[in-house]
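Trainee: Here are the chains, one letter per residue:
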Amino acid sequence: MAPLWRARDLPPPRFALRRTSPSRVGLGRSRALVGVAPAALLGVLLLFPPVTTSEASPTSAVSASPTRPGVSAVARSAKVEAPSPTAAAQGAAGTGIRGRLDIRRLARPAERRPDVAAAGAPGPRDLNDLRRGVVYLESAPRAAFDEREPGRAVMDQRNERFVPHVLAVMVGTVVDFPNNDRTYHNVFSLSRAQRFDLGRYAAGRSKAVRMDRPGVVRVFCDIHSHMNAFVLVFNHPFFSVTDLDGRYSLPAVPPGTYTVIGWYEGEARATRSVVVPPAGWAEADLVVP
Amino acid sequence: MFTGWGAEVLGCWGAGVLAAALVTLSATPAAAQWLPEQPITFAGGHVVLGAEVSGTFGADDPGFYNYTSYEFSALRNFRLGVSAEVRANDYIQVLGEVRLDQGRVLEMYGLFVRVRPWPKRRFDLQAGRIPPTFGAMTRSAYGSGNLLIGQPLAYQYLTSIRPDALPASSDDLLRMRGRGWRSNFPVGNTAPGPGLPMVNTSRWDTGVQAHGVVHMFEWSGSVSTGSLSDPRLRDNNRGRQLAGRLVARPHTSLQLGASASRGAWLNRSLEDEVDNAADVSRARQVAVGGDAEFSVGRVLVRGEVIRSTWNIPGARAPIVDGGLIATSTLLEGRYKVAPGFYLALRGDRIDFSEIRGTLVRNTWDADTWRVEAGAGYSVTRNITLKGAWQRNRRDGGRVQHDDLIAAQVVYWF
Chain D
2 MAPLWRARDL
12 PPPRFALRRT
22 SPSRVGLGRS
32 RALVGVAPAA
42 LLGVLLLFPP
52 VTTSEASPTS
62 AVSASPTRPG
72 VSAVARSAKV
82 EAPSPTAAAQ
92 GAAGTGIRGR
102 LDIRRLARPA
112 ERRPDVAAAG
122 APGPRDLNDL
132 RRGVVYLESA
142 PRAAFDEREP
152 GRAVMDQRNE
162 RFVPHVLAVM
172 VGTVVDFPNN
182 DRTYHNVFSL
192 SRAQRFDLGR
202 YAAGRSKAVR
212 MDRPGVVRVF
222 CDIHSHMNAF
232 VLVFNHPFFS
242 VTDLDGRYSL
252 PAVPPGTYTV
262 IGWYEGEARA
272 TRSVVVPPAG
282 WAEADLVVP
Chain C
56 MFTGWGAEVL
66 GCWGAGVLAA
76 ALVTLSATPA
86 AAQWLPEQPI
96 TFAGGHVVLG
106 AEVSGTFGAD
116 DPGFYNYTSY
126 EFSALRNFRL
136 GVSAEVRAND
146 YIQVLGEVRL
156 DQGRVLEMYG
166 LFVRVRPWPK
176 RRFDLQAGRI
186 PPTFGAMTRS
196 AYGSGNLLIG
206 QPLAYQYLTS
216 IRPDALPASS
226 DDLLRMRGRG
236 WRSNFPVGNT
246 APGPGLPMVN
256 TSRWDTGVQA
266 HGVVHMFEWS
276 GSVSTGSLSD
286 PRLRDNNRGR
296 QLAGRLVARP
306 HTSLQLGASA
316 SRGAWLNRSL
326 EDEVDNAADV
336 SRARQVAVGG
346 DAEFSVGRVL
356 VRGEVIRSTW
366 NIPGARAPIV
376 DGGLIATSTL
386 LEGRYKVAPG
396 FYLALRGDRI
406 DFSEIRGTLV
416 RNTWDADTWR
426 VEAGAGYSVT
436 RNITLKGAWQ
446 RNRRDGGRVQ
456 HDDLIAAQVV
466 YWF
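Protein sequences appear in the order of chains D and C. To convert a position in the first sequence, counted from 1, into my numbering, add 1. To convert a position in the second sequence, counted from 1, into my numbering, add 55.
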């Protein structure tokens with residue numbers, strides 16, 4: 002397991018989420034394995050340590066953090082993962098970076114594969130809300146890496162869709178995946194940052210994964226190939242999922258010069274250098290062409 | 056269409072090239088991004104394209120246990136399937152799939168129009184070259200839907216009977232036991248050729264299908280030109296096949312299904328070859344099947360039993376008394392060991408009914424068993440490598456047992 006960043010006596014580290022495409026992140030381990038003989042490959046796979054998962058009823062998940070789809074879920078995760086007082090103390094009160102991530106061309110929701118073999122048309126489903134991106138600091142102040150209480154977040158499954166489509170959390174966060182749909186789902190990820198498979202579980206049940214490493218975790222359903230989502234795992238608290246208008250704010254960023262990155266649908270697509278003044282907010286708009 | 060092992064070797068080469076290409080591409084980040092991950096859409100989402108590419112390379116199969124009705128081994132194939140859905144509006148869609156087998160046999164596998172008279176209800180009508188109505192495995196017998204590499208016996212293994220040739224007596228039939236890959240009979244087309252599987256998934260039938268969902272039940276029914284063993288693009292006997300399937304899902308972890316079909320299966324050309332032409336037109340294949348699927352957590356278990364009866368006219372003594380019956384039993388399971396890695400096992404057999412010959416009483420074809428064990432590893436979400444070992448046994452024929460290994464790479468989007 003990769004160690005978390007510690008930066009107490011080091012210059013501010015560059016954040017792990019660079020301009021890396023999701024597939025690149027997801028293929029890291031596979032790439033290393035593909036070159037060996039198939040038998041060795043299977044042997045290595047068998048030695049994979051089990052993923053930290055837990056199972057709970059949605060009721061318990063809801064009591065920890067109320068389960069509501071869409072905006073509220075993202076907002077809740079942002080609230081859960083808000084910068085700790087330690088980090089906030091490093092920046093003056095009422096300082097930070099805010100602005101807008103302007104997504105010029107929205108991605109198309111993943112379509113169902115043409116299921117020619119089906120006896121009839123599939124049932125209705127919801128489409129992913131693709132109006133949100135994530136804005137984060139490429140490098141964070143040292144204190145941002147201080148240890149914190151791990152939070153909890155929820156990525157729901159409703160009407161053959163993950164809600165929210167994009168979740169941003171800090172390392173150590175436990176993400177619940179309740180199944181609030183009518184059918185079976187099987188949440189899994191083959192991303193290098195977090196490889197897990199929660200197996201099939203029915204409506205009314207929930208399973209959870211602790212996000213142990215920073216990076217992009219692509220989440221899929223093994224049964225419904227059009228279901229996909231992203232969990233961005235950060236090792237510092239300076240990130241924000243944009244609202245429906247693209248607005249974001251990174252509060253309590255200490256004065257200094259930073260690189261702000263705008264991420265959208267699997268890629269870091271916009272970068273901008275920002276100077277945070279000793280007092281007040283720095284404004285930084287980014288454009289995703 | 057082609058025949059011969061040389062072409063299979065060509066298919067095997069194609070499979071090898073595909074495997075190498077996919078592994079190389081998936082191992083190179085830039086190239087991996089080049090491979091589509093999701094279906095490709097055009098015309099504002101009105102046209103959706105998907106594809107599946109699979110390369111299968113396996114050991115030589117001298118007993119022809121994996122031979123298909125297209126005269127190649129299912130363990131040696133390079134297949135490219137492109138499927139398309141044109142969504143004209145909420146009421147009408149057109150779906151089709153083109154398949155290229157062995158790297159050179161091109162066929163329009165399915166092409167039909169789907170009409171949804173009430174888009175908000177789960178009710179559809181499909182007309183054209185339609186997907187199979189019968190059975191649980193017809194939609195998952197090959198490629199990414201298949202847990203292993205070999206296909207279930209009922210859907211692939213060739214029995215000795217043929218739609219264009221008839222045994223004159225039960226002795227002729229007994230002589231062909233275990234030779235379904237290349238059988239010949241004295242009545243009708245006397246040239247050697249492949250026999251029929253119980254359920255043919257190599258090609259689809261042509262007709263009309265209705266489908267609906269009511270609460271926990273899903274039903275479908277169809278009228279088509281061919282038979283379960285011999286789906287057809289063009290009618291060859293003026294007969295029709297009626298097929299129906301009912302699926303119940305009492306719990307999300309459990310699915311229970313029942314299927315039935317009845318259709319004329321003999322070619323009209325045989326009417327001139329027998330004393331009573333009506334016997335040919337009256338000959339039917341009647342099949343019933345039951346299936347179940349249970350899945351929870353890392354475990355998936357499926358089972359299916361099919362019983363098929365073919366009526367054939369007899370020309371001379373000793374005649375075949377009653378129908379020819381074949382019963383298949385399948386049980387398979389999968390266990391996910393780790394993310395992206397699973398183990399799978401299948402036990403499969405076909406038993407045939409007995410007939411009386413001049414000298415002996417025996418099953419009309421040789422009973423056949425198969426055990427297949429394998430593993431699958433997902434390099435990425437849509438690239439899977441599989442390996443399998445297969446043990447085949449047959450109660451007759453030239454080669455009565457055969458252990459085979461095979462590997463497969465599947466890529467889909």
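Hints are supplied without guarantee of correctness; some may be wrong.
Straight-line Cα separation of at most 20 Å, DMTMM-like style, residue types lysine to aspartate or glutamate; simulated pairs [what the hints assert, rightly or not]:
1) C/Lys175 - C/Asp145
2) C/Lys175 - D/Asp116
3) C/Lys175 - D/Glu112
4) C/Lys175 - D/Asp127
5) C/Lys175 - C/Glu328
Each pair of labels, with its calculated beta carbon distance range [as the list claims (entries may be wrong)]:
6) D/Leu128 - C/Val263: 49 to 59 Å
7) D/Gly95 - C/Ala143: 23 to 33 Å
8) C/His456 - D/Arg126: 25 to 35 Å
9) D/Glu150 - C/Tyr390: 33 to 43 Å
10) C/Asp406 - D/Ala203: 48 to 58 Å
11) D/Ala203 - C/Arg446: 30 to 40 Å
12) D/Glu150 - C/Ile460: 51 to 61 Å
13) D/Pro125 - C/Asp330: 38 to 48 Å
14) D/Leu131 - C/Arg353: 50 to 60 Å
15) D/Pro278 - C/Tyr390: 31 to 41 Å
Sample of chain D residues facing chain C (criterion: CB under 7 Å; computed from the structure) [unchecked claim]:
16) Arg106
17) Ala108
18) Glu112
19) Gly200
For the record, the hints were derived by calculation from the structure and aren't laboratory data. The model shown is predicted, which means the values in this text are computed figures rather than measured ones. Ideal Cβ placement from N, Cα and C applies to all residues, glycine included.
Trainee: State for each hint whether it applies.
Mentor: Now the hints, each set against the structure:
| no. | hint | result |
| --- | --- | --- |
| 1 | C/Lys175 - C/Asp145 | holds, 9 Å |
| 2 | C/Lys175 - D/Asp116 | holds, 19 Å |
| 3 | C/Lys175 - D/Glu112 | holds, 19 Å |
| 4 | C/Lys175 - D/Asp127 | holds, 14 Å |
| 5 | C/Lys175 - C/Glu328 | violated, 53 Å |
| 6 | D/Leu128 - C/Val263: 49 to 59 Å | violated, 31 Å |
| 7 | D/Gly95 - C/Ala143: 23 to 33 Å | violated, 56 Å |
| 8 | C/His456 - D/Arg126: 25 to 35 Å | violated, 48 Å |
| 9 | D/Glu150 - C/Tyr390: 33 to 43 Å | holds, 36 Å |
| 10 | C/Asp406 - D/Ala203: 48 to 58 Å | violated, 36 Å |
| 11 | D/Ala203 - C/Arg446: 30 to 40 Å | holds, 35 Å |
| 12 | D/Glu150 - C/Ile460: 51 to 61 Å | holds, 52 Å |
| 13 | D/Pro125 - C/Asp330: 38 to 48 Å | violated, 58 Å |
| 14 | D/Leu131 - C/Arg353: 50 to 60 Å | violated, 32 Å |
| 15 | D/Pro278 - C/Tyr390: 31 to 41 Å | violated, 59 Å |
| 16 | Arg106 | violated, 14 Å |
| 17 | Ala108 | violated, 10 Å |
| 18 | Glu112 | holds, 5 Å |
| 19 | Gly200 | holds, 4 Å |
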